[in-house]
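*Asks:* The listed protein sequences correspond, in order, to chains A and B. Take any residue in the first sequence, note its place counting from 1, add 14, and you have its number in the numbering used here. Take any residue in the second sequence, note its place counting from 1, add 967, and you have its number in the numbering used here.
A portion of the hints provided could be inaccurate.
Said to hold, decoys possible - Computed Cβ-Cβ distance ranges for the label pairs, DEER-style:
#  : chain 1 : residue 1 : chain 2 : residue 2 : range
1  : B       : 1120      : A       : 39        : 55 to 63 angstroms
2  : B       : 1003      : A       : 47        : 46 to 54 angstroms
3  : A       : 123       : B       : 994       : 22 to 30 angstroms
4  : A       : 73        : B       : 1205      : 28 to 36 angstroms
5  : B       : 1094      : A       : 39        : 47 to 55 angstroms
6  : B       : 1227      : A       : 193       : 29 to 37 angstroms
7  : A       : 136       : B       : 1120      : 42 to 50 angstroms
8  : B       : 1120      : A       : 143       : 35 to 43 angstroms
9  : A       : 187       : B       : 1082      : 57 to 65 angstroms
10 : B       : 1235      : A       : 176       : 53 to 61 angstroms
It is worth saying that the hints were derived from the structure and are not from the lab. Ideal Cβ positions, reconstructed from N, Cα and C, are used throughout, including at glycine.
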Amino acid sequence: MLVRTAVREPVAALIDVSLAVARGEVVGLVGPNGAGKTTLIRVIANLLEPDDGRVLVNGTEVTGSGLGLRGKLGLVLESDRGFYRRLDGRRNLEFFAVHGGLDGETAKTRAEELLQRFGLADRDKLVFGYSSGMKVRLSLARALIVDPPLLVLDEPTRSLDPVASLEVAKMMQSLAAEGRGILLSDHRLDELVSYCDRVAVIVGGRITYQGKPRDLEEGSGVPAATALRQMMTE
Amino acid sequence: MTIRVAGATTLERILLVARRDIATEVSYQYSFVMRYVSILFSIATFYFVSRLVGDSPELGRYSGEYFEFALVGLVMSGITAASLTTFNQSVGMEMSSGTLEILLATARSYTPLILGSLLVPIVLRLIEAGLYVGLGVGVLGAGFSASGILLSLPLIALSIAVFSGLGLLASAFVVLTKRGDPITGLVVQATNLLAGTLFPITLLPPVLQVVSKMIPTFYALEGVRAVLLDGAGLADVADEMAILAGFTIVIVPIALVAMSRAIRVAKRTGILISS
């Protein structure tokens, strides 16, 4: 059960959150702005320490463990940022690959594979000149660079148009099919419904519903209907 | 697919940071070139000021003219300022670009990132120093010997170590406040005033001369001037080297602990959340 209290303002940002993501599963974390999605993702990524509770990745506790996450988790935060804008995509990937633990040659090979996979191989221009869609694809490539079993993505489609969002949805399904667990947040339920195996609703720092996205979208059953109502009134 | 992990050596990672910084520097071609062109104006200014100052009695305990005295000050001031400001500028840029969070979550070790970020700025400053000395000796007649230049290197290395430690300490402040560091700019200015960078500290009031002797730059300048201007050997500047080493031994561990604590506090308080 994760608990996280905001320090500057006395707000409980996460309350008794318990969430599991299995290999091969895409779990969508949905909730209104300020619900605690980003806080939860930062806690999982070990960028924020919870007041109480723990995070396990592949059975290993990573909470407050300094360098414990390395190689276990691929991270996408604010997908249009987080790059060295004066380097091209290839050099960015190689940089994060080597600092993520790959040797130089493996990093080059892996970067090339991922650039091919995400349609960026023939674009050697600086990240400075990338479109939002290209940055999202580069973020995904970076998240996969050390082949982690878990991907955690914070609103990866936030800055994308509907066509590019659909492309990301397809990528999620293909990545999950390779046996990875994927947790991603969004504030738009309609997007998550199309490709998530399971949806968790977070409102006011609490997970108020976990279940199939269609049930939530249709408000099937009392828990789903209640969660949907809460989400819409927040 | 099997991916081999933990394969990169520390040196590979340090060099990759340096390669990143070189690519970034070169991409700003105009400022990259201007930075070296500006040396001409700076050195020429002090050359003509030295004609005005002439043989000031305050320079009596140093060999050479004011031009040589000021040239050493200029070079050392540039090197110590780069050592002091590199880390916090680097941390500030990583924070604002969002790369710091990714690295904190995924990097195998922070040490190569810290050491690597120092490399290019220091090398650039050393190239600048070489240009200053080359122009000073070759064009404007400064009387530095080749052996003096070699003997000044250990003193320069110790100065870099001391001020890098102070810079790391300042960058812990940047992490905690998520703002630009207001201290290092002041330290650079105060050092230029108090440490004998452009004039001997004997011109300062006695109280300030006591403060001067608490600043590492003072000992670096005294040592480098001794080997460059007075023909001193390393044994003659052993005291200065010992004092600089002492500063390093005290400051660097404190800075490392402060940075580690700052990251821990930032994780606890959520300072690192960039949105």
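*Asks:* Determine for every hint whether it applies to the structure shown.
*Replies:* So, going through the hints one by one against the coordinates:
At about 59 angstroms, the CB distance of residue 1120(B) to residue 39(A) agrees with the hint of 55 to 63 angstroms. For the hinted restraint 46 to 54 angstroms between residue 1003(B) and residue 47(A), the CB-CB distance of approximately 49 angstroms keeps it satisfied. Taken as a hint, the range 22 to 30 angstroms holds for the pair residue 123(A) and residue 994(B), whose Cβ atoms sit roughly 26 angstroms apart. One distance hint, 28 to 36 angstroms for the beta-carbon pair residue 73(A) and residue 1205(B), is violated here, with the actual separation near 57 angstroms.
A beta carbon spacing of about 54 angstroms between residue 1094(B) and residue 39(A) agrees with the range 47 to 55 angstroms that was offered as a hint. Separation of residue 1227(B) from residue 193(A) is about 36 angstroms and conforms to the stated range, judged on CB atoms against 29 to 37 angstroms. At about 47 angstroms, the CB distance of residue 136(A) to residue 1120(B) agrees with the hint of 42 to 50 angstroms. Distance hint for residue 1120(B) and residue 143(A): a CB-CB separation of about 42 angstroms, consistent with the stated range 35 to 43 angstroms.
Between residue 187(A) and residue 1082(B) the CB atoms are about 42 angstroms apart, so this pair departs from the stated range of 57 to 65 angstroms. For the pair residue 1235(B) and residue 176(A), the beta carbons lie near 39 angstroms from each other, so the given range of 53 to 61 angstroms is not met.
Hints 4, 9 and 10 from the earlier list are contradicted by this structure; the remaining hints agree with it.
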